[in-house]
Amino acid sequence: MKYVHALLLLIALFAPTRLWAVEPDEMLSDPTLEARARALSKELRCMVCQNESIDDSGAPLAHDLRVLVRDRIKSGDSDAQVLDFLVARYGEFVLLKPRLSWHTMALWGLPPAVLVVGAAVILIDLRRRRGWQTAGEQANLTAAEEARLAELLRDHSTT
Amino acid sequence: MIPELGHYALMLALGLALIQGIMPIVGTRTGDAVLMSIAAPAALAQFVFVAIAFLALAECYVASDFSVLNVYENSNSAMPLIYRLTSIWGNHEGSMMLWVSILAFFGALVALFGTNLPATLKANALAVQAWIAAAFHLFILTTSNPFLRVADAPFEGRDLNPILQDPGLAFHPPMLYLGYVGFSIAFSFAIAALIEGRIDAAWARWVRPWVLGAWMCLTLGIAGGSYWAYYELGWGGFWFWDPVENASLMPWLAGTALLHSAVVMEKRGALKVWTILLAIIAFSLSLIGTFLVRSGVLTSVHAFATDPTRGIFILAILVVFIGGALALYAWRAPLLKQGGLFAPISREGALVFNNLFLTSACATVFVGTLYPLALEALTGDKISVGPPFFNATFGPLFIPLMLVMPFGPLLGWKRGDIVGAAQRLLAAAVLAAVAVAAAFAIEHGGPALAPFGVGIAVFVMAGAVTDIAERTMILRLPMRATLMRAIGLPRSVWGTALAHFGIGMTLLGIVAVTAWGSERIAAVKPGETIDVSHYRLTFDGAFNRPGPNYRDVVGHFTVRRMSGDVIGAMEPSRRTFPARNMATTEAALMSRGFSQLYLSLGDPNPDGTVPVRLFFKPHVLMIWLGAVIMFFGGGLSLSDRRLRVGAPRPAKAKAKNKPALQGAE
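Listed in order, the protein sequences are those of chains A and B. Here this note's numbering is used: the first residue of the first sequence is 1, the next is one more, and so on. Here this note's numbering is used: the first residue of the second sequence is 1001, the next is one more, and so on.
Just so you know, not all the hints are guaranteed correct.
Not everything, but these chain A residues come out facing chain B in the computed CB check (under 7 Å) [what the hints assert, rightly or not]:
#1 88
#2 93
#3 98
#4 101
#5 103
#6 107
#7 111
#8 115
#9 129
#10 152
#11 155
Simulated pairs of lysine-lysine, DSS-like, Cα-Cα distance not exceeding 30 Å [unchecked claim]:
#12 A:74 with B:1267
#13 A:74 with A:42
#14 B:1414 with B:1267
#15 B:1337 with B:1267
#16 B:1382 with A:42
Hint data in this document are derived by calculation from the structure and do not stem from the laboratory. Positions of the beta carbon are idealized from the N, C-alpha and C atoms, including for glycine.
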């Protein structure tokens, strides 16, 4: 199941320089800034990898991006500014959580849509069935039906 | 000779599958009992020949016959026997052989143990099963033949991908495939019911054990894969929302929904049409999972098939089977009669709620996995959908599911008493509130919502215990009477409680490790220490250690409590495989209760320091232990008398079939 990761790790292992995810020498000395950098790194994709964040990846590109993110943070960028900078440079592809826009509408909209439509179908179905049920319970017999019923019951009791 | 024998056996299996797929259907159409009765022996014979083919391939691996291309590419005579065997499914061709072997195995089981099935249903179901088998036999024979020879046999094989040389991989793919392919039975029965245009509660009773079995294997398979990734890949993640993982999660979600809707159908005759659709969906998602993993559509750099003919072939299988099944459903489902009225607040209502949220969660994973592919194919735009997306969408769908779960088993069929159920869950709710408070008090840092996650998990677990406590009337009756009631409870009740408890436990592990796990990254010299949580590790030095087909560079670390007591040693290593000139990170794990210390090594720096990643993973073992408990819950439920005995049979037939049935257990 993890063959993709496996392969990527192997590719990472083949890579001549960096062999690992976050390296000790990359880390910022200020723990709050470093924590922000780590959180941002988890949102950013290593573009040469398969679905891996730059925080997890051992690829050289991921290393460069981690350093870049930390440089931006050190120079005083907010989290949003860092992300904007990277999107401007590498495109939407770099974000692991796509922003809401016209072409991701279906992506973000489908899960709630399935839930809402599903709930609506269930409610309509329940209501319709309850309609049948109450109709069945409350239906009054016509005079002719009452007479027929009485006749049937009498027949039954005599036999 | 042996590979040719296997190849020939596989061709014969294809022929048998075609016979099994055509004759019984003709029989049910014309009412010819003889043609219908061909299905079972054909299924058995097909299994025998597929088994011969699989064993032939296995023999090539065991004997290290490098004249066979597949063995040459994926095995090595220096590998231990167990890895030579697991290499069979560590590659595309071999894993497809495993797939069809399991498919044929299930077909044979239906043929053997389906003695109490109506003749037409059995004939049709086995025929559908044979269509699937025929399609995959043809796929293997035309695009993925594992028995091809090399003209000049090489001396030595190229070894199995080192990262796959691991005990975790010995059982993970077979379990996963047992789950995937197990849903084919539900699919075949659903198609058979649609062909007949008739379905009743007994259908659910026949199909439920197969679904349950498949679900159990899939649960364990996914958990096994997750644990393997956790310790083998060296950064201690347990779930990555990788498309390949999602491919196994989708059938699991649909299968879990199917399991629950089949209960409603069996007990109350309601949700028939929906259950049929779920059976089709669950197996369709298994096929899609196979397609995603096998076709190489996910990526250009993939460990497996990059040959487009394979992708197109599997896509054709998908279109024919999923499209055909859904078309048949659209045409025939209106013929099926709905039954079983129920109030919104009832056991049925709770199970419908379960289905709604599980299906939505499944749709979320589906759209998140396939959207980037579809978008790129249609518009050329490239986007990424990764863990942050799934955490933001999947999580909120699971919370209501978890909150309602304890109520389900406490509600009555048809019309439930929500106030009564809430009262009975009061103790569980109080316990959950205490857990939230305790989590706030003990833990510092981590997301502010994490203690509520703990609360939900505790509520789910305590709710499962409440169900059993209520049914056995513990503390309200004398101990002895409670014990008698506990023994008298149907095993399926215990199974439900156990499985629900397990999911709560998994959730607790996920919340704890995500919120409060800690990590240290450092470069250390011998004699230096690193601290994490309440532990201090001293790096004593590195040494070399040879293995059968690899070399280890091992780092030795002494683990102490902060007070200074030595509690053990950890030895992570870097493992180099000369056959492929590759290296893996072998992390060292030390369990402390349910928590673990996790240590992995990087390559030593020129200045003599070694980079290390040290994690403290609080309660991480609960994640997989919960899955194991779910598995046993499923097993208990499967052993329930109701499912074992099945539909009533004439006394004579019963006596005759008894030994066979016991064999099935």
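Right, here's what the structure says about each hint:
no.: 1; hint: 88; result: 16 Å, violated
no.: 2; hint: 93; result: 4 Å, holds
no.: 3; hint: 98; result: 5 Å, holds
no.: 4; hint: 101; result: 9 Å, violated
no.: 5; hint: 103; result: 6 Å, holds
no.: 6; hint: 107; result: 5 Å, holds
no.: 7; hint: 111; result: 4 Å, holds
no.: 8; hint: 115; result: 4 Å, holds
no.: 9; hint: 129; result: 6 Å, holds
no.: 10; hint: 152; result: 26 Å, violated
no.: 11; hint: 155; result: 31 Å, violated
no.: 12; hint: A:74 with B:1267; result: 63 Å, violated
no.: 13; hint: A:74 with A:42; result: 18 Å, holds
no.: 14; hint: B:1414 with B:1267; result: 11 Å, holds
no.: 15; hint: B:1337 with B:1267; result: 16 Å, holds
no.: 16; hint: B:1382 with A:42; result: 19 Å, holds
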